[in-house]
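> Take 1 as the starting number for the sequence shown in full-length UniProt numbering and just add one per residue.
No wet-lab data here; the hints were simulated from the structure. None of the values given here were measured: they were computed from a predicted structure. Note that CB positions come from ideal geometry on N, CA and C, so glycine has one too. Be careful, since some hints might not be right.
To be verified - In silico EDC-like pairs for lysine to aspartate or glutamate, Cα to Cα no more than 20 Å straight-line:
{"#": "1", "residue 1": "LYS376", "residue 2": "GLU162"}
{"#": "2", "residue 1": "LYS2", "residue 2": "ASP80"}
{"#": "3", "residue 1": "LYS2", "residue 2": "ASP308"}
{"#": "4", "residue 1": "LYS2", "residue 2": "GLU375"}
{"#": "5", "residue 1": "LYS376", "residue 2": "GLU32"}
{"#": "6", "residue 1": "LYS2", "residue 2": "ASP28"}
{"#": "7", "residue 1": "LYS2", "residue 2": "GLU51"}
{"#": "8", "residue 1": "LYS376", "residue 2": "ASP80"}
{"#": "9", "residue 1": "LYS2", "residue 2": "ASP54"}
{"#": "10", "residue 1": "LYS2", "residue 2": "GLU32"}
{"#": "11", "residue 1": "LYS2", "residue 2": "ASP260"}
{"#": "12", "residue 1": "LYS2", "residue 2": "GLU248"}
{"#": "13", "residue 1": "LYS376", "residue 2": "GLU364"}
What the hints assert, rightly or not - If you anchor each label on the Cβ, the simulated ranges turn out as follows:
{"#": "14", "residue 1": "TRP250", "residue 2": "GLU359", "range": "36 to 42 Å"}
{"#": "15", "residue 1": "LEU119", "residue 2": "GLY203", "range": "28 to 34 Å"}
{"#": "16", "residue 1": "GLU162", "residue 2": "ARG349", "range": "39 to 45 Å"}
{"#": "17", "residue 1": "THR43", "residue 2": "GLU364", "range": "27 to 33 Å"}
{"#": "18", "residue 1": "GLY52", "residue 2": "ARG349", "range": "26 to 32 Å"}
{"#": "19", "residue 1": "LYS2", "residue 2": "THR165", "range": "17 to 23 Å"}
{"#": "20", "residue 1": "ARG29", "residue 2": "GLN155", "range": "30 to 36 Å"}
{"#": "21", "residue 1": "ASP344", "residue 2": "ARG161", "range": "19 to 25 Å"}
{"#": "22", "residue 1": "GLN228", "residue 2": "LYS376", "range": "32 to 38 Å"}
{"#": "23", "residue 1": "LEU134", "residue 2": "SER356", "range": "40 to 46 Å"}
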Amino acid sequence: MKLVIHLHRLYAGGIERAMGNLAGGLMDRGHEVRLVLDRDGFTEAFRFFPEGIDVHRTGATSLPGRVLGLRRTLGAQPADCVLASQHVNCELSVIGSQLAGTACIPIEHTNWSTSLAELGPLSPRRYSHRACRLVYPLAAARAAVSAGVADDYAQLSGLPREGFTVVYNAVVTAAELAAWRSGGADDAPPAGDALHRFFREPGGPVVLGMGRVGVQKDFPLLLEAFAQLEHTPAPRLVIFGLGAGMDELWAQARRLGIDDRFDLPGFTADALGNLRAADLFALSSRYEGLPTVLIEALAVGTPVVSTDCPSGPREILDGGTHGRLVPVGEAAPLAAAMDAALADAAAGRHASTPLSWLERFSVESVAETYERMIEKALA
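Construct all of the structure, not just a fragment, from the sequences and the given hints.
Here is the structure:
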């Protein structure tokens, strides 16, 4: 089949990694996949997509222009189905695909009702759930990356819950999972120069955070909890991510007196290598959809602590079986869980997540599921 992955632009986030992995998985199954963007955005994110993938830019900036840009693209280079993601873009993709006579499957990645709190009253994203009530019935099928996202979006939009199919993100390949587990640390993803200096210098255990710096990830909470840790030797904290709040995080670290054990180096080209080297991964988010980085941490065998935010962490960790869950927005329980996880790791009590659980997030499994969904939609 001829397929299109449609995004508005690229960011340094989990959606780009998941969609890039999905593109690769579908290409491995023999399908022709193109990436259609309105503009490039964060160009480093192209590394998440298969090398040599055909990329088309519509150049559109306005909402009507983005609809017409996709329609023109599909008219010039027809496709069997469009797989769309990102807020607002999903709705626009359905309309543009409909005008071109092409099937479209929007993929919802975020717990939308929780994220509305950070949007201004004039943001078009605030009203996209209302638009989807009118637009989504035109979609060939609708996907959500977790049951929590499907439940939330169905309730918010008023659309039937059974109209959303839950398909987890494509995170790692089955071969990668097997290789990383077969020989322990020696089979870790190569880190090279991208490995943070804390991992090459003597010192306490390293706690890792990762994601876009902003309201959603609540890194100020992570810093506050980190400052309360009682573990010895004193741990160190690295947060990989970009965003408008980076200066504020540094200022907070100085106020808390932890700036000598903290670093915020920006984007990393080797997320998996740094995750594999970390002693603990901590997710402090207020809301998610299905946090890719939490799955990646489990895949490489790193202990995790996460807020029990809507949606995704509880599903990924099987209710707390594969990592500790703590209340959202509370520093003391997060600090206690981090201390306990570091103590378990130091004592050799950490057990890696079984491959049988992680295989549901494999590229092969997810690509096959989307292939079946597309074939059913086109039948």
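> Compare the structure with each hint and give your call.
Structure-based check of all given hints:
no., hint, verdict
1, LYS376 x GLU162, "16 Å, holds"
2, LYS2 x ASP80, "5 Å, holds"
3, LYS2 x ASP308, "39 Å, violated"
4, LYS2 x GLU375, "12 Å, holds"
5, LYS376 x GLU32, "18 Å, holds"
6, LYS2 x ASP28, "13 Å, holds"
7, LYS2 x GLU51, "18 Å, holds"
8, LYS376 x ASP80, "12 Å, holds"
9, LYS2 x ASP54, "12 Å, holds"
10, LYS2 x GLU32, "5 Å, holds"
11, LYS2 x ASP260, "52 Å, violated"
12, LYS2 x GLU248, "46 Å, violated"
13, LYS376 x GLU364, "18 Å, holds"
14, TRP250 x GLU359: 36 to 42 Å, "40 Å, holds"
15, LEU119 x GLY203: 28 to 34 Å, "40 Å, violated"
16, GLU162 x ARG349: 39 to 45 Å, "42 Å, holds"
17, THR43 x GLU364: 27 to 33 Å, "28 Å, holds"
18, GLY52 x ARG349: 26 to 32 Å, "45 Å, violated"
19, LYS2 x THR165: 17 to 23 Å, "22 Å, holds"
20, ARG29 x GLN155: 30 to 36 Å, "34 Å, holds"
21, ASP344 x ARG161: 19 to 25 Å, "38 Å, violated"
22, GLN228 x LYS376: 32 to 38 Å, "51 Å, violated"
23, LEU134 x SER356: 40 to 46 Å, "42 Å, holds"
The structure shown violates the earlier hints numbered 3, 11, 12, 15, 18, 21, 22.
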